[in-house]
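Put together the whole structure using the sequences plus the hints.
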Amino acid sequence: MFDRILLFVEDKNTPKETIIWTIALARQLGSRLIAVYIVDTNALPEGKEQLSLIEEKAWKILYEIEDDAFEQNIKVSLLLEQGDPLEKLLTLCKSYEIQLVVLGSKSLPPLKLMERSTIPVVFVNEPRRSND
Amino acid sequence: MIKITELLRKETILLEVHAKEKVEVIHELVRPLLDKGTITDEKEFFAAILRRENLESTGIGQGIAIPHARTKAVKKTALALGRSDQGVDFNSLDGNPCHLIFLIAAPEDKKTEYIMTLARISKLLRKDEVRIGLNKAKTREDILNVLTQYE
Numbered sequence: 001m002f003d004r005i006l007l008f009v010e011d012k013n014t015p016k017e018t019i020i021w022t023i024a025l026a027r028q029l030g031s032r033l034i035a036v037y038i039v040d041t042n043a044l045p046e047g048k049e050q051l052s053l054i055e056e057k058a059w060k061i062l063y064e065i066e067d068d069a070f071e072q073n074i075k076v077s078l079l080l081e082q083g084d085p086l087e088k089l090l091t092l093c094k095s096y097e098i099q100l101v102v103l104g105s106k107s108l109p110p111l112k113l114m115e116r117s118t119i120p121v122v123f124v125n126e127p128r129r130s131n132d
Numbered sequence: 001m002i003k004i005t006e007l008l009r010k011e012t013i014l015l016e017v018h019a020k021e022k023v024e025v026i027h028e029l030v031r032p033l034l035d036k037g038t039i040t041d042e043k044e045f046f047a048a049i050l051r052r053e054n055l056e057s058t059g060i061g062q063g064i065a066i067p068h069a070r071t072k073a074v075k076k077t078a079l080a081l082g083r084s085d086q087g088v089d090f091n092s093l094d095g096n097p098c099h100l101i102f103l104i105a106a107p108e109d110k111k112t113e114y115i116m117t118l119a120r121i122s123k124l125l126r127k128d129e130v131r132i133g134l135n136k137a138k139t140r141e142d143i144l145n146v147l148t149q150y151e
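If you read the sequences in order, they're chains A and B.
Every letter in the first sequence is one number past the one before it in the UniProt record's numbering, and letter 46, counting from 1, is 46.
Every letter in the second sequence is one number past the one before it in the UniProt record's numbering, and letter 7, counting from 1, is 7.
There's no promise every hint is true.
Derived lysine to aspartate or glutamate pairs resembling EDC-like cross-links, with alpha carbons at most 20 Å apart [unchecked claim]: (1) A:K88 x A:E115; (2) B:K110 x A:E56; (3) B:K3 x B:D85; (4) B:K127 x A:E81; (5) B:K111 x A:E56.
Don't read these hints as lab results, they were simulated from the structure.
Note that the structure is a prediction, hence the values are computed from the model and not measured.
Structure (structure tokens):
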């Protein structure tokens, strides 16, 4: 049903729960997981050095996901892209024939993405703590 | 902070790999790490690296592949680099053959170091000037100099 699942990850806005949930789903469905980090060019800090640091951090997050997925025998590919996250995400969904997008609830503006996406989008919330 | 130039040695750089096919290229890159004693069990390491290759593409695009494994068969984290003029098919997402192949071997209990090494190499190799420098380098020393310059 969902042969290709795209997991959209960001530095601070992707809770661990979103990643764990997506890996579990991919395992259950036997899907290929494509983990994507898009460096937001609208909010790029000045200087090549800063970009370089962001990219290294992004790869670290992506490889952590890869390692976790690998432990569970899930086919996984990693993508690090630059651009406007919403536009880029929609383009990637088309080019990689994605069938489901998963992202953390604090990520991209949810309504905008849902309005424009032609495939199902799942937002995975961080579990509420008891004192929330 | 992990430095790529501390993990990659002159002896583990192959200026031109002979093999044309992915598995054979990986065999070629494993050889110098075996000779140095970094990999203690060739069979186990190879099984780990192939398990990953069968599950995913370690070709990250732009002519780069980073086959990697973290296993008990490795004594300490190390790198090998092979260049291929013709290019090797690593099933990269962008569909292009790979000309720079970095192999990473890490001990099972060094997850953080392993992830940091992968992240650092991936970041470095996204820079056009690094890829051009590595592809043009005439000697192993030149290769290490390019990495030192941009790291």
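Going down the list of hints, with the structure as the test:
1. A:K88 x A:E115: holds, 15 Å
2. B:K110 x A:E56: holds, 18 Å
3. B:K3 x B:D85: violated, 26 Å
4. B:K127 x A:E81: Holds - the C-alpha atoms of A:E81 and B:K127 are around 13 Å apart, at most 20 Å.
5. B:K111 x A:E56: This hinted pair holds, its Cα atoms lying about 16 Å apart.
Comparing the model with each earlier hint shows a violation of hint 3 alone; every other hint is respected.
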